[in-house]
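Protein chains in written order, with my numbering: chain A, 1 to 428; chain B, 1 to 164; chain C, 1 to 771.
One thing to keep in mind: the hints can contain errors.
List time: in silico DSSO-like cross-link candidates among lysine-lysine, alpha-carbon distance up to 30 angstroms [to be verified]: (1) C:K57 / A:K313; (2) A:K190 / C:K127; (3) A:K142 / B:K109.
If you are wondering where the hints come from, they were derived from the structure by calculation, not from laboratory data. Quick caveat: nothing in here was measured; it's all calculated off a predicted structure.
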Amino acid sequence: MSAPYTGPKVCLWTLDHANPASLETYVANGGYSALKKILAEKTPAAEIIEQVKISALRGRGGAGFPTGLKWSFMPRNYEGDKYIVCNSDEGEPGTFKDRDIIEFNPHQLIEGMVIAGYTLGAKAGYNYIHGEIFELYESWEKALEEARSAGYLGNNICGSGWAFDVHAHQGYGAYVCGEETALLESIEGKKGQPRFKPPFPASFGLYGKPTTINNTETLASIPWIMRNGGQAFLDLGKPNNGGTKIFSISGHVNKPGNYEIPMGTPFADLLVMAGGVRDGHTLKAVIPGGSSAPVLPAEIIMACTLDYDSIAKAGSMFGSGAVIVMDETVCMVKALERLSYFYYEESCGQCTPCREGTGWMYRVVHRIEHGEGRPEDLDLLMSVGNNIAGRTICALGEAAVGPVQSFIKHFRQEFEYHIEHKRCMVGA
Amino acid sequence: MTLSAQSLLSADSLAQIDKEVAKYPADQKPSAVMAALRIAQVEKGWLAPATIESVAQYLGMPTIAVYEVATFYNMYQLEPCGRHKITVCTNLPCQLQGADTVADYLKQKLGIGFGETTPDGRFTLKEGECMGTCGSGPLCLHNNHTMHAHLSPETVDKLLDELK
Amino acid sequence: MPLITIDDQQIEIAAGSTVMDAARAAGIYIPHFCYHKKLSIAASCRMCLIEVEKAPKPLPACATPVTDGMVVRSYSAKAVEAQKGVMEFLLINHPLDCPICDQGGECQLQDIAVGYGGVASRYAEAKRVVKEKDLGPLVATDMTRCIHCSRCVRFGQEIAGIMELGMPGRGEHTEVMPFLEHHVSSELSGNVIDLCPVGALTSKPFRFSARSWEMARRKGISPHDGLGSNLALQVKDNRVMRVTPVDNEAINECWLADRDRFSYQALNSAERLTRPMVKDGGRWVEVDWPKAMAFAAGALKVIRDTHGASAIGFIASPHQTVEELYLFQKLARALGCENIDSRIDRVDFSGRRDGVEWLGMAVTDLNKLDRVLLVASTVRKEQPLIAQRLRQAVKKGAQVNVVHCADDDLLCSVANKLIARPSDLVNILAQVAKAVGADIDGLSDVVVSDAARAMAASLKSGEKKAVLLGAVAQQHPAASELHVLAQAIAKATGATLGFLVDSANAVGAGVVGCRPRQGGLNAAAMFVAPKKAYVILGAEPELDAADSAVAHQALAGAELVIALSPFKTAGADYAQVMLPVAAYAETAGSYVNMEGRLQSWCAAIPPQGEARTAWKVLRVLGNQFGLAGFDQDSAEQVLAEALPEGEATVRARLNNEIADVTVAHLNAAAGIERLGDTAVYQLDAYSRRAPALQVTVDGQVGHAAMACGALIARLGLSEDKPVKVRQSDAEVVFKLMRDDRLPDNVVRLAGGLAAAVQLGPRFGPISLEKM
Ligand SMILES: Cc1cc2nc3c(=O)[nH]c(=O)nc-3n(C[C@H](O)[C@H](O)[C@H](O)COP(=O)(O)O)c2cc1C
Ligand code: SF4
Ligand code: FES
């Protein structure tokens, strides 16, 4: 097994310093230099986008969409306001990386948003922060204030005469607002219900204006790319999977937490860094990309490297890089019951398959867990899932189906045991 | 008769709301509704119908539209609750790390279940969804604001003692 | 234009259209619930999923834009599988008890389920139950049936302009509801009944009184405002059970105002006059038709022979048909009388008018306006669907400017407004006239305010413009001055001058000559100098008149009043003969709407009791006098005589020009004054007798005296308490309500109220006193 990663980190490097969140720490280590350079040299937007494309930075919010390409969709010569929105509504079970960026390296995110704002010709930026981490909403507002006083935000950024500001918008307890168009509705002061696409935010976004939405980690990576070049970022990871990436590892490991390591690192190495599976226990299953990603049994995940391609080949999703580890004590029916409840509880309710289907799936899994399962239930669950997936307005529908179908696929005998014996085979 | 926000909310709350309103374009006041409801809730403890109406009026929104927002997001409190609202995340990662044990301990110690308030009005216990801090679970959120992580029966005891 | 293929049919359709648009254009039905042609796209029910070649997943037809060469399959195995899946989801929590649902037989869910539902439900869990909501007297709820299509919510936001219903909650717990216990108060609220594809929102007055398949649908025209909305009168056992809209894009689109929809209740009112009645020694006795006619004609002859024909006044309601009004004026003139009028609520007839006042344009042109000056119009209540059209225009960027005596909420943004007391109305309109540089005398002393200047700037910009005079402008004591000012403003700004006609056939009445000619008296004059006898068709002058007290006195003091009415209460205290005539749904007839459109219909039901169609009664009266030209056999024949060239005859007589008016009333009166615009549900004999409308928020407000908080406080009065209202020499107690949208020193007390008859004029000094 290889040694823990000690190379450069893109986002959480400030943790190696005292006062990681402070403006001084950030500036002393090259912070805001990329912005200053861009403004001083009036770097053309196309050049910046080119560097982002070279970096092979892919959206860290879960879908992995190439960021440079997304930026190129923004209309160039649009007369009127445009916006940049940062998605810090991290609420997918298992994901807790963006909170650490806000807590420990807020200025890099600010610099990233300002560079994005400059590149895309935006009038303002909003950072949508998950409601439950309200303390970070406050600390983020302080960081913005600091940046404003230091001239990195406001009417005359770094003396360039260019005006741009960033504001915080709070979530208040709705997972679906992580979906980018639900998030926009939420900023507009409505229920966070996803919009049908097309039109996409790049043409019809916040307040109906062209808008680019990126994940916190995506935007926080931009200053590093501009400072070191797209190629350097790409070189940190592997082709088509540039950079280091924060992996949030939780569940049955000795040291749950965030680990920023290169894309393509073997899963086994991450497990070691996280202190291994809980002492005295063995690995049973892993959800590799946040709760929406299909679960993988131990033997499959242990053979994977942590990048989009390897995980997809294994039948799951790289997602947001949130790794939920389960050992042999976990009852898969009970675990699924909790996840199904989550999607049922968080469905926004507008589209029929998700509103009705998530409740149906949860109720059936709940019955099975409580000893009232029926032999036909597993086929029913698979079929209900098929009627949801691909037929909803947003991907929450699919996200709800992923766990159900993968749990049944990989651990069917456990479900059947539950139905037949009205109890759990784990620890039986 | 609708009570105006001016007569219902403190000057401090109104100043905070104004600050939120200022973040958005002048014709997009409703953008501040989530913050306004939160600020009103912090002041009043919960969102009574009159509070919702006054926020609607302050932001020039239909009351039902504000009510939609207040009922869509989990952290708005639509009934009176205890002085200390404790929301425990029970989602899978936290569950794997012992959230159920912590929740059971809290229930037993406070003598109430999820969604209930202690007779002395001190505590309300709620079940929460993922708080985006799974690595530090089990955890809970106090009054929609302060996160308490790495909970165990011992840390729960300490926390409850501190909350008068 | 993109060419697309749907189910092997090729369709060329404008870029930007959706697959649903294309399918509809090609006559292909794709099942849907949330889609509605007049509402924004929600794409949420997912019933319209279709297969698109090369798309990996089924796509919603309602929200998928067409692209050139697209190949769509709406009933391929893939599409149907998706649609069936959605149907199953919709049904799992929906009660499957169509036989006891009021929507049964006309439910989109039921219809589509027949084609797409599974045989047995795979759903074995408990079904959702949703608490009922009380939306008020018009709309009933059965919320467990709601399928969350959000049409009702979007209707409020997008068409009614007021969001009263929302969908609080999340996920499965989302429920359609108003805020707390609020009732729905929009004057367009009934439309959600049609929009709701299931039985969640139904008609409260109609509820459970008939099944859809038991009723015949007969076409009719709304007898209320000047729009002429197209109705389906739904009939069972010769009773109108309910009214629904008939689509007519040029008029009401697919909507109805609540007044159009629920006033049918009056047809079945206990106040219907069903037998002719004659007053005998102060008591009403029922008689047969021959006796009644002989009595009426005999008594009228006596008056004419002793006092001359000019001692008679002929007053008709502008809600009567073209045929009736034509024969009415023909009878009067044949008897030698020129005192004929239907403009009962007007006072100012000064100046020279050469034709019949009308909208000045097509109703559909309203949507295309980019500048509007609305003069003294309570348009939301006068013509609710015209307000809706103006709202659509505003959405497209139109600037609406308002000059009025109340700052009523138009539910759309208003560019500029000038709000003042009724006696100051001429002055504020004159300011606008002066600011636009209108060519009109008498404005030298007018001081132009900033708001008037802003309004002028708005009116001078833009392309398509209109200056529209509302009912208050037409009823105003200085109506002609307002008219001439509006005309001058229109000329100076290149706008069209139009009248928002407030009654169903006011244009028709004018066109067929229900107006005094040389030597005749107008309605107001007929009351101010009382006549010996009155013949009244359909009207209730004591309620409708500009000065109700004077009208009532004149009628009560007359030797003879012959009332032709569907209702026995109309004229019961002053008439000597009451002749029961058919209500609008019971006769064939025609109306001319505000744009000059002639619309005819056939009787939906027979007249109640012994009532007869009014045109026949008038013909027989003519026969009783032995007059020539009263031998028509059908309504069509009367119409052909009244309007020989049909609409062309109408058009030839439309003209909004006015001349010979001097602008003089430029100084506001001192003191408190009345604003007596017609309450929405007091417009005519029908709406007054629809109980469900009377108990709505608008119905209730219409019965109160209203003033702004400042005035209430200054007078030491309390809101929501009874108050003594004194006007002329009369005193009546009303509930006082607060409305801060009224200017100071204005008491809004509707015209048309039975309780306010003694108070008199709709405008002028009024006072409020503590009880
Ligand atoms: C139900 C749902 C929840 C999501 N939650 C998040 C989230 O919490 N944070 C996030 O960045 N993206 C989330 N996404 C993905 C966003 O829609 C979007 O793809 C992302 O913010 C784009 O940023 P990126 O390209 O930088 O990844 C979610 C998507 C769905 C369907
Ligand atoms: S899939 Fe679920 S969350 Fe997404 S729009 Fe539909 S109902 Fe809302
Ligand atoms: S009609 Fe298309 S989704 Fe409802």
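Hints, verified against the model:
no.	hint	result
1	C:K57 / A:K313	holds (21 angstroms)
2	A:K190 / C:K127	holds (29 angstroms)
3	A:K142 / B:K109	violated (37 angstroms)
Of the hints listed earlier, the one the structure fails to meet is number 3.
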